[in-house]
Amino acid sequence: METAVQELPDTQLREDLWRPLRAPGRAWTLWTLSSALVVVAGLIAWGYQIHTGIGVVGKTRPMMWALYITNFVFWIGISHAGTLISAILRLTEAEWRKPVTRAAEAITVFCLMIGGMFPLIHLGRVWIFYYLIPYPNERFLWPNFRSPLVWDLTAILTYLTGSTIFLFLPLIPDLAHLRDHVTGWRRGLYRALALGWTGSDRQWHALERAMKLMAGIILAVAVSVHTVVSWDFAMAIAPMWHSTIFGPYFVAGAIFSGIAALIIAMAVIRKTMRLEQYLTPKHFDNLAKLLLLMSLLWTYFTVAENLTVWYGNATAELNVLEEKVYGAYAPFFWGMVVCNAVIPFVLLSIRRLRTLTTSVMASITVVIGMWLERFLIVLTTTSRPRLPAAWGGMYHPTWVELTITAATFAAMLLLYLLFAKVFPIIAIWEFKSNEEVGH
Amino acid sequence: MEHRWGMAIDLDRCTGCEACVVACHAENNIPISTPEEAAKGRAFHWLRVDRYYEGEFPDVKVKYMPVMCQHCDDAPCEPVCPVYATYHNEEGLNVQVYNRCVGTRYCGNNCPYTVRFFNWFEPQWPEPLALQHNPDVSVRPSGVMEKCTFCVQRIKRGKNEAASEGRPVREGEIQPACAQSCPATAITFGDLNDKESKVSRLAESGRATKLLEDLGTKPKVFYLQRLG
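Chains as they are written, first to last, in the working numbering: chain W, 1 to 439; chain X, 1 to 228.
Honestly, the hints are just simulated from the structure, not real lab data.
Heads up, none of these hints are tricks.
Computed beta-carbon distance windows for the label pairs:
{"#": "1", "chain 1": "W", "residue 1": "93", "chain 2": "X", "residue 2": "74", "range": "48 to 54 Å"}
{"#": "2", "chain 1": "X", "residue 1": "74", "chain 2": "W", "residue 2": "406", "range": "39 to 45 Å"}
{"#": "3", "chain 1": "W", "residue 1": "92", "chain 2": "X", "residue 2": "52", "range": "58 to 64 Å"}
{"#": "4", "chain 1": "W", "residue 1": "141", "chain 2": "X", "residue 2": "53", "range": "45 to 51 Å"}
{"#": "5", "chain 1": "X", "residue 1": "53", "chain 2": "W", "residue 2": "127", "range": "43 to 49 Å"}
{"#": "6", "chain 1": "W", "residue 1": "311", "chain 2": "X", "residue 2": "34", "range": "41 to 47 Å"}
{"#": "7", "chain 1": "X", "residue 1": "137", "chain 2": "W", "residue 2": "51", "range": "22 to 28 Å"}
{"#": "8", "chain 1": "X", "residue 1": "173", "chain 2": "W", "residue 2": "220", "range": "56 to 62 Å"}
{"#": "9", "chain 1": "X", "residue 1": "15", "chain 2": "W", "residue 2": "326", "range": "34 to 40 Å"}
{"#": "10", "chain 1": "W", "residue 1": "130", "chain 2": "X", "residue 2": "61", "range": "52 to 58 Å"}
{"#": "11", "chain 1": "W", "residue 1": "41", "chain 2": "X", "residue 2": "97", "range": "32 to 38 Å"}
Covered by chain W, according to a simulated footprint, are these stretches of chain X (three or more residues, beta-carbon under 8 Å):
{"#": "12", "segment": "79 to 85"}
{"#": "13", "segment": "103 to 110"}
Each residue gets a CB set at the ideal place from its N, CA and C atoms; glycine is no exception.
The task is simple: from the sequences and hints, build the whole structure.
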């Protein structure tokens, strides 16, 4: 199937891969407008929250963190879809990755943009968020570098910068190619972004070196980012947050949800842009196997986390575990187990059942399950502080946080729709020999 | 450091009358929640009286335990604040700088005693309580964390008065509102650096324990265990 693509005539390749960039169809316009509408609703909700006070969300004492932090961890997790997977595949020279990588890298950048908003939305006084940034000021006061939140800010901004570069580098030859073949406002845009690419040998070598280097760097950054996100919890002494397993657990969970998001995004792109020849069932099958592997790893981590707490029988931890497994949050916990372990295992481990459709179905449940996992981590611990007098109960979100949550999903869709309209979602040059591009 | 403020609470003497809670509200300009907000768990009480029940109805015993900021020497709330809104001052007080606070609420999650309170909205007082604000205490705006300060304004005033008279602070001269108002004199406040002070002697007595001591937070509130 891969070879079939390579053998396609250039004219058809160009036609197929450029088609999405043409004048928008009705479906595209409709989806873009409706997702933009939801994003606007979210912005209005945020404005209302800033104006009225953060009390308009369902947070209480002791549950001081809730849906926003859940969404934050969730989106940062999904962001691992791209860069990490793409970097691994690039470094291992997996040839089948070619049509997948850009779609994946774009997910990373957009997820980080969205996820990175949540710590701001979550703040009680967002208008002074810059206190978190190390800038010279008249009080000679730096941020507190001992705080995991400052590590977090640093890690996420690093990852966003790195993954933007990682997305941009392989775009350059395509942008140059487009620059030479289009007219109108796009021409100016592509010319500016192509950075004077001519396709000379020197440039190709430099690009290849840069991409290899970035792939290596981004792997380290990606692992560190989700470890640091987990340390927002693990560095606290709250029961069941203070756990050494959280770093690797979060990294594995992030890759897990990342692959699921990638499968969903690829299926949507394949369908809507009619790229069936490029994104073949073989690609989905490979990714589904990877998803199954991560599902098993996630199950192992989850068992390890909860079994040790249960066996250890320490009161404060056990209170959280009981609330999670048999208490008010039990439906979410068992729902998560079904979504993340049972369904992927049944659908993906039995060869007869593992098809493109079931892979997408399993991916959807995994995304839901991983959201639930973050929800449970945030809320079961905060609702069961050490002194029983301060215990909380079930969390009830309000319309404000639900609207903002919905708006971020819409924002993801919107960014993706816009990106796919302006930039080729599949790297054109990777299908062509080097000499043909850029002249 | 010259002083190291601490508190001893005699659980045998505490009757659970909550006079301390009311005094704390009045002294520290603590907002009064509406019933709806309180039902959500958003009531503000820098000092709360926890109740523990023993036995089955009708043979029930209630035990009271006033809990406020423990002013830990190794306070878990302090390192996690990204903007130094909460830090340790030279006298061992765990202080909250309202102007610095951006409202991440991380300190609230990391406090094992759950004694930190967040201003979800602009603070409110039903009439006529809005007219009785303490001029020595700032009113905290929306989006800011707050908690027991050991009545830092009274400590300041006491030290200033002593300094203007050119003498050291006298034992018992500085009293937080809770200690002052306790009809059973269950709460003792003083300087732990002064080995002769009442609070030092109580802290050294066999009855003194610290809440959740095994976490290593080194609280400066000592609970004198019940004998009866």
